[in-house]
Amino acid sequence: MPQLELLRRQASRLAPITLGACLVLFAACTQTGGAPAATGDSATVADATAPDTMASTTPRPQAGNGAMPSAAPPLSPLADTVAQRLVFAPLVQDWFTAAARTKRLVVDLGRVDIDLKKDTARLVAFRAAAAARSPFAIGSRLRLRGPWGSDDATIAGFEAYNGRIVATLATSPLVDSLARDTDPLVASAQRVRNDSTPAGAACDRAVDSAFVSRLTRLARATEDSLRVSEDQPLYARLKASLKARRSVAAGCFGEARGVVIVTLYAGDYEWVRERVLLVGDGSVKKATVRDLRFRAHEALHALDADGDGVDDLATRAWTPRGGGTAILSFNPTTARFERLAQGFAWER
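Residues in the sequence shown are numbered consecutively from 1, following our numbering.
Hints in this document: simulated from the structure, not taken from any laboratory. Take these hints with a grain of salt, some might be off.
[Claimed, not checked] Cut-off 20 Å, straight-line C-alpha distance, at most; resulting in silico cross-link-like pairs (EDC-like, lysine to aspartate or glutamate): (1) LYS285 with GLU223; (2) LYS243 with ASP281; (3) LYS243 with GLU223; (4) LYS103 with ASP152; (5) LYS285 with GLU274; (6) LYS239 with ASP291; (7) LYS285 with ASP268; (8) LYS243 with ASP268; (9) LYS286 with GLU338; (10) LYS239 with GLU255; (11) LYS243 with ASP231; (12) LYS286 with GLU298; (13) LYS285 with ASP224; (14) LYS117 with ASP152; (15) LYS103 with ASP183.
From just these sequences and the hints, can you work out the full model?
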């Protein structure tokens with residue numbers, strides 16, 4: 001009990017001192033209108049950590065000329081709404097897929113997640129939004145490589161096609177003519193920063209009817225081999241829906257002059273077995289396909305898509321609940337096709 005009484009006496013002596021210290025601190029905090037007085041060091045820290053409001057709202061001068069760039073005109077409310085539904089390819093992507101659609105060559109740049117078919121005002125707003133948000137400005141240059149060889153084109157505008165954002169092109173009369181008259185026509189489109197000289201196809205892809213017949217026979221024999229193989233779907237539902245697709249293409253695939261692709265598939269491409277053959281004048285060799293998105297492929301035609309002097313393959317491709325167009329780059333050393341670019345994707 002004496003100890004408890006001693007503690008109470010000490011606490012009663014310290015209470016006025018503690019209260020006085022609190023009052024002094026409160027007065028110091030409120031002497032500048034309620035805000036704590038900042039020292040020189042604290043102001044420096046505040047300036048360093050505060051968000052750079054001017055940097056985020058005011059355009060910076062371009063390096064080297066000191067001139068302020070002109071601000072882009074603001075989008076209309078409808079165009080701004082549409083712009084939020086546009087998904088473009090990554091800025092670091094250099095390879096794209098071009099294809100003939102509605103008798104003109106267009107390049108797939110991304111996806112539009114809004115219906116534009118029944119609303120003219122939305123379509124006009126889409127064109128304005130795409131031009132404002134696209135990583136490619138109108139006039140940007142692309143290098144096209146297709147069955148005819150290579151050519152340069154510039155982006156002339158933007159349109160929507162089957163849920164995709166496509167760039168319309170200003171290109172040579174030859175390419176325009178091919179796009180009107182050739183179906184299917186697929187080409188690679190590469191981002192470039194300098195001019196190039198158009199070049200014709202380095203490969204003579206013409207083959208005689210005997211070689212085409214040989215490709216057809218090999219495709220049929222490969223399908224028969226897949227059908228009698230022990231590797232078959234396990235479930236009755238898939239067995240009942242088993243189908244096959246055969247396709248061939250002539251080109252300059254190293255020593256091979258043709259490619260055969262045979263696909264056995266079931267259901268919605270849930271079960272797929274694909275065989276690829278490289279066919280020369282007197283040889284047949286197996287090849288592989290490395291495409292992480294699509295499971296099944298149909299050969300459309302050959303083209304030197306990457307400009308290395310060896311033909312690659314334009315294909316129509318499928319995966320469960322979707323498909324698209326894929327360009328497969330061919331490596332003759334490994335006898336493997338790998339996806340270079342894909343576009344015009346669709347989903348169910």
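**Prompt:** Does LYS239 pair with ASP291 here, judged by a C-alpha cut-off of 20 Å?
**Reply:** violated (25 Å)
**Asked** Taken at face value, is the distance from the CA of ASP268 to the CA of LYS285 at most 20 Å?
**Response** Violated. LYS285 to ASP268 sits at ~29 Å, over the 20 Å cutoff.
**Prompt:** Can the restraint linking LYS243 and ASP231 be considered satisfied, given a maximum Cα separation of 20 Å?
**Reply:** The hint holds at about 14 Å.
**Asked** Does the alpha-carbon distance linking LYS286 and GLU298 stay inside the 20 Å limit?
**Response** holds (16 Å)
**Request:** Compare the distance between the alpha carbons of LYS243 and ASP268 with 20 Å, and conclude whether the hinted pair is satisfied.
**Result:** Since the Cα atoms of LYS243 and ASP268 sit roughly 11 Å apart, the hinted pair holds (cutoff 20 Å).
**Message:** So if I understand the rule, the pair passes when the alpha-carbon distance is 20 Å or less; does LYS243 with GLU223 pass?
**Reply:** holds (10 Å)
**Asked** Can the restraint linking LYS285 and ASP224 be considered satisfied, given a maximum Cα separation of 20 Å?
**Response** holds (18 Å)
**Item:** Agreement of LYS103 and ASP183 with the hint, judged by alpha carbon distance not exceeding 20 Å
**Value:** Status holds; Cα separation ~9 Å.
**Asked** For the pair supplied as a hint, LYS239 and GLU255, is the alpha-carbon distance within the 20 Å limit?
**Response** Distance ~38 Å between LYS239 and GLU255 Cα, so the pair is violated.
**Prompt:** Given the proposed pairing of LYS243 with ASP281, does the C-alpha separation stay at or below 20 Å?
**Reply:** With Cα atoms ~30 Å apart, LYS243 and ASP281 exceed 20 Å; violated.
**Asked** Straight-line Cα separation of LYS103 and ASP152 no greater than 20 Å?
**Response** Distance ~19 Å between LYS103 and ASP152 Cα, so the pair holds.
**Prompt:** Given the hint that LYS285 pairs with GLU274, does the C-alpha gap stay at or below 20 Å?
**Reply:** holds (14 Å)
Hints 2, 6, 7, 10 and 14 from the list above are not met by this structure, while the remaining hints are.
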